[in-house]
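Undergrad: Here's the letter readout for the chains.
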Amino acid sequence: MSAALAGRDLARAVRRSARPAQRVAFLLGLPALLFLFVAFVAPLGALLSAAVENPEVRQVLPQTAAALAQWDGASTPDEPVFAALAADLKRANEDKTAALAGKRLNYEMPGMRSKMLSAARMAGGASAGPFREMFIAKDPAWGALETWQVIARTAKPYTLYYLLTALDLQQAPDGSISRVDAENAIFLSLLARTLWIAAMVTIGTVVLGFPCAYIITITPPAVGRIMLLLVLLPLWTSLLVRTTAWVVLLQTDGVINDILLWTGLTAHRLQLIFSRFGTVTAMVHIQLPFTILPIYSVMRGISPSQIRAARSLGAPALSAFWRVYAPQTLPGVVAGGLITFILSLGYYITPALVGGPADQMISNFISTYINRDLNWGLASALGVVLLAVTLAIYGAFLRIAGPDRMRFG
Amino acid sequence: MMTGRTTLLGLTAAACLTALPAFAQGQLSVMSFGGAYQAAQRSSFFEPYTAKTGIKFVEQEYGGEIAKIKAMEQAGGVTLDVIDVDGPGAQQGCDEGLYEKLDWPKVGDRKDWQPGTENDCAVGTIVYATVLAYDGDKLKDGPKTMADLFDTKKFPGKRGLWKNPVSNLEFALIADGVSNKDVYKMLATKAGQDRAFKKLDSIKKDVVWWEAGAQAPSLLASGEVVMTTAWNGRIFNANKEGKHFKIVWDNELLDADYWVIPKGAKNLDASYAFIKFSTSPDVLSNFPKYIPYGPVTGAAAKAVAAEYAVNLPTSPANVATAFATDYGFWGDQGEELRKRFTTWLAQ
Amino acid sequence: MALNAPLLRAKGADDLVVFDGVQKSYDGHTLVVRDLNLAVKRGEFLTLLGPSGSGKTTTLMMLGGFERPTAGHILLDGKPVEALPPEKRDIGFVFQNYALFPHMSVAENVAFPLRYRGVRGAEARQRVAKALDMVRLGGFGGRRPTQLSGGQQQRVALARALVFQPKLVLMDEPLGALDKQLRERMQIEIKHLQQTLGITIVFVTHDQSEALTMSDRVAVFHDGILQQLASPRELYDEPANAFVAGFVGENNFVPCTAMRIGPHAHALLESGLSLVGTMPVALPNAAQAMLAIRPERIGLVASGAEGAVACNIAEAFFLGDHTRVDATVPAFGGMNVTIKLPPSTPVPPPGASAGLVLPEQHCRIIAP
Chain A
4 MSAALAGRDL
14 ARAVRRSARP
24 AQRVAFLLGL
34 PALLFLFVAF
44 VAPLGALLSA
54 AVENPEVRQV
64 LPQTAAALAQ
74 WDGASTPDEP
84 VFAALAADLK
94 RANEDKTAAL
104 AGKRLNYEMP
114 GMRSKMLSAA
124 RMAGGASAGP
134 FREMFIAKDP
144 AWGALETWQV
154 IARTAKPYTL
164 YYLLTALDLQ
174 QAPDGSISRV
184 DAENAIFLSL
194 LARTLWIAAM
204 VTIGTVVLGF
214 PCAYIITITP
224 PAVGRIMLLL
234 VLLPLWTSLL
244 VRTTAWVVLL
254 QTDGVINDIL
264 LWTGLTAHRL
274 QLIFSRFGTV
284 TAMVHIQLPF
294 TILPIYSVMR
304 GISPSQIRAA
314 RSLGAPALSA
324 FWRVYAPQTL
334 PGVVAGGLIT
344 FILSLGYYIT
354 PALVGGPADQ
364 MISNFISTYI
374 NRDLNWGLAS
384 ALGVVLLAVT
394 LAIYGAFLRI
404 AGPDRMRFG
Chain B
2 MMTGRTTLLG
12 LTAAACLTAL
22 PAFAQGQLSV
32 MSFGGAYQAA
42 QRSSFFEPYT
52 AKTGIKFVEQ
62 EYGGEIAKIK
72 AMEQAGGVTL
82 DVIDVDGPGA
92 QQGCDEGLYE
102 KLDWPKVGDR
112 KDWQPGTEND
122 CAVGTIVYAT
132 VLAYDGDKLK
142 DGPKTMADLF
152 DTKKFPGKRG
162 LWKNPVSNLE
172 FALIADGVSN
182 KDVYKMLATK
192 AGQDRAFKKL
202 DSIKKDVVWW
212 EAGAQAPSLL
222 ASGEVVMTTA
232 WNGRIFNANK
242 EGKHFKIVWD
252 NELLDADYWV
262 IPKGAKNLDA
272 SYAFIKFSTS
282 PDVLSNFPKY
292 IPYGPVTGAA
302 AKAVAAEYAV
312 NLPTSPANVA
322 TAFATDYGFW
332 GDQGEELRKR
342 FTTWLAQ
Chain C
484 MALNAPLLRA
494 KGADDLVVFD
504 GVQKSYDGHT
514 LVVRDLNLAV
524 KRGEFLTLLG
534 PSGSGKTTTL
544 MMLGGFERPT
554 AGHILLDGKP
564 VEALPPEKRD
574 IGFVFQNYAL
584 FPHMSVAENV
594 AFPLRYRGVR
604 GAEARQRVAK
614 ALDMVRLGGF
624 GGRRPTQLSG
634 GQQQRVALAR
644 ALVFQPKLVL
654 MDEPLGALDK
664 QLRERMQIEI
674 KHLQQTLGIT
684 IVFVTHDQSE
694 ALTMSDRVAV
704 FHDGILQQLA
714 SPRELYDEPA
724 NAFVAGFVGE
734 NNFVPCTAMR
744 IGPHAHALLE
754 SGLSLVGTMP
764 VALPNAAQAM
774 LAIRPERIGL
784 VASGAEGAVA
794 CNIAEAFFLG
804 DHTRVDATVP
814 AFGGMNVTIK
824 LPPSTPVPPP
834 GASAGLVLPE
844 QHCRIIAP
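Chains as they are written, first to last, in the working numbering: chain A, 4 to 412; chain B, 2 to 348; chain C, 484 to 851.
Hints were generated in silico from the structure; no laboratory data involved. We put the beta carbon where it would ideally sit given N, CA and C, even for glycine. Keep in mind that a hint or two might mislead.
[Said to hold, decoys possible] Below, computed lysine-lysine pairings styled on DSS-like, alpha-carbon distance capped at 30 Å:
(1) Lys93(A) / Lys267(B)
(2) Lys118(A) / Lys191(B)
(3) Lys191(B) / Lys99(A)
[Said to hold, decoys possible] Some residues of chain A that are not near chain C, with every Cβ distance over 10 Å (derived):
(4) Leu39
(5) Phe40
(6) Leu47
(7) Ile139
(8) Leu167
(9) Gly227
(10) Thr246
(11) Arg311
(12) Gly349
All chains, please: the whole structure from these sequences, using the hints.
TA: Written out as structure tokens, the structure reads:
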């Protein structure tokens, strides 16, 4: 037996003997994997699919959808399609589901909801054709090519509508994609606003958190521990409580205005709440621990002899701090800033309570579309856009800073 | 007190006669809006019903997000038997098939309900109003009409509005001189919508928007606004806690709350029995004792004790210039108007 | 000034550093360094030796400018420097864990002090290259400190502290993190560099063998007090007190009373035995003292030999280069004495009686 062969056998034997241990390790990790799947992968998949799913029209108008599959799309369809529509709507009228499909069509063609409802009522009473003339007599829209192009499009299992809308794009009945008019465009500026607020909060927390972390690092451990506790303390109260506290502080009759008036810094009460200033201030306060902790943990790892070495080599105090200490804190600053930036992108309660209408962020709109408008598709699409932007920013950071320039603790 | 007990006794007797059959679990799950409102429901509906039938209530609270109902039904585990929904919730949920289609004879005579407070899947219970309110302690000579809400010369300062197109577009047109009878006709046209938004534009920078009902009185209390639109019960309750808020009943906008049965509810008969009980005149007329929301059935409205009737949106003194939210209109046009409102807000 | 300058120079032209009555306290009442008077000569390798908490590192930090003395003066080149910040002192400092800047390359690290002295461009590159060559790290300039071994990092720190030709180099236990072999090699390397370049080094360590190997003179610290300042040989052979005798090398101690009778110094033991010895520092008569004898200075002879002190062998260990014997001495109150014998010497079995030879010139009678 050659040496090489023996080596290969040996390697295989080693691998085989390691296998039971690997199996045990896998089993131990299984709960975490399952949790990750249930709590992260599955909802993410649901989110992605909800952004493109298109079930309403297919559900309510199954025969029409089937009939339209053979339609050439060049001219208004013929009687069989109308007959299928009549049959579908008759059923929908009984089940009270016409509004469901109407609402979906309405997204892409305003006014379709009421047309569907009245057509459903008509179909409920009609028994024999020809249906084509009957529908067109009820509303000329049923004879328009555009109406049918939109119905055919919404009858497909998947749609780009929500994602396009989330990017301020629209699809004309003929399928061409264009920007929406300026007066209806909100989502791109909303995205820009969300990024801008998150950036301001990040800068604010770094500017305030960096000196704070430094002071905690250089004070005697006993004092430092208390200061660290004070930094962490707010994390033990709920986000809502902290936000409400800011409402009390910032409101026009609130503590901050009282103090400003009393000290004579201002002559009249300032509008602090329901403003961008209030939103950013409250968010900075809430995010501060998330920025401080990684910076602090990196600073604690920097030996005091670093500054001493720099001083002994000729650097004045400030220069030593700036050239030697500060660059070494960068991994913590990048990590803390990134955590805060990404968390800030998803803020919801604070802008809702402390911000004005011009300070609402993407999450506030997602919540509106989920809770009030029941437009889960658009909510998901906005979620997908936010997720994509977040990942892109994270990726850009990794490229610029490199994974080794980031330390979370 | 005496009458209350006799009523209860009478009801118990009636219940024994009607011999209630299959309440298998002996409990009923209800979901409502929480707070003082649900407390009032507890005192006037749930507790008497438990006393009468032995059926216990499992209560949940929500903020009117019918998304929760939709999610529950999509997940397939409908655990609720009866849900309290607001007007838009009743309309939208009905349109989208979230509720059981009602077998009205099991509830009562549909004709007893005031028009618009019943539909195929929702049973109206009480009427509340969106009104204009201000702090009597801070403003001696307060606003008198809906037009004053938009008059920043006469009443400078911020005003609170509900962050929702519903009520604001109506009030804007009324303040602009449209009669409340023509409001929805006007709003159905592009010109009318433009007119309403233009009127809102005139105070846009002076508006503080509220979302939860409790925010309106707290905005008034903190002095954040000089006046606000609000739900009348919230103002009444704030006054119970020592405030001196005043309600301007001019052009009050009426809305109803409804019972619905979520589609797929397990215990339909029990749900029906409870809805029938709570909307019976004797029971429903007791409700304003706890919160000033008026019964929607004619018989119950008549039976409300005089001392509570005066605070109701439906009392003769208050109702003169009232008008009701047109859910049909909002069902048809809501989508576009909501979108336009959201865009307008964000710009 | 014109009057003073020559005076100062005359007083200690050879002294680069003078500690003059220096005290240091962190909390206001406990003195970490008490009344330190010490001069470092130009071109000298001086080691501050002592256990942790003895005040040696504080002394170094005061010299480096990182701590201010509570009282007294530190003169550098004849001028007081207490108020001078570290960067103005022109002192190279090598720290315990090297304190290399991890975000800079090796060359950038070494060039760092040059930047503050206006040395840039080609000249800086040339001096960095020279300094790296000097520590045998030519060609490593482009690496990051984290990519180097401990010994290499140590040499970078050395190059960085030397590249700007400071008048004085301080080293704070710089070899503590290295393994034994590497440490011994570095000791010799540093010593060679110091001799070649003729620089002055103040070195802090708690390792007495390191201090003996490298230093021209050693200052032994204990409890904030300078115990003895002497050359390694002197320190070993003529310790000033029991602490120095015990801290530097191994020693046997026997409590005794000091007596000077005629020209001889006597140690009177409790058992009545009187031994003749030497007294490096004069002690008053009848003072409580210690008799200190190095293990390798004790001879082992047959029991009953003349002039020998009787003992019983307790244990013996063969250690390769020597044999170590523990013996119980009745005349020392039953104390154990350690003896180091050349490896070839025959040792009686445990329990056997023997005699100890205690040569007069190696019996030190010192303060306890």
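Undergrad: Quick one, are Lys118(A) and Lys191(B) close enough, alpha carbons at most 30 Å?
TA: Holds. Lys118(A) to Lys191(B) sits at ~17 Å (cutoff 30 Å).
Undergrad: Gly349(A): least C-beta distance to chain C exceeds 10 Å?
TA: holds, 32 Å
Undergrad: Hey, is Phe40(A) genuinely clear of chain C, shortest beta carbon separation above 10 Å?
TA: holds, 38 Å
Undergrad: Against chain C, does Ile139(A) keep a CB gap of more than 10 Å to every residue?
TA: holds, 76 Å
Undergrad: Would the non-interface assignment of Arg311(A) survive a Cβ cutoff of 10 Å against chain C?
TA: violated, 6 Å
Undergrad: Would you say Thr246(A) is clear of chain C, with no C-beta pair closer than or equal to 10 Å?
TA: holds, 39 Å
Undergrad: Beyond 10 Å on every Cβ pair: is that true for Leu167(A) relative to chain C?
TA: holds, 46 Å
Undergrad: Given the hint that Lys93(A) pairs with Lys267(B), test it: the Cα-Cα distance must not exceed 30 Å.
TA: holds, 28 Å
Undergrad: Could you check that no beta carbon of chain C comes within 10 Å of the beta carbon of Leu47(A)?
TA: holds, 37 Å
Undergrad: Does Leu39(A) sit more than 10 Å from chain C, CB to CB?
TA: holds, 33 Å
Undergrad: Taking 30 Å as the top limit, are the C-alpha atoms of Lys191(B) and Lys99(A) close enough?
TA: Distance of about 29 Å is within 30 Å: holds.
Undergrad: A cut-off of 10 Å on Cβ-Cβ distance, and Gly227(A) was said to be off the interface with chain C. Does that hold?
TA: holds, 18 Å
Consistency note: the structure conflicts with earlier hint 11 alone.
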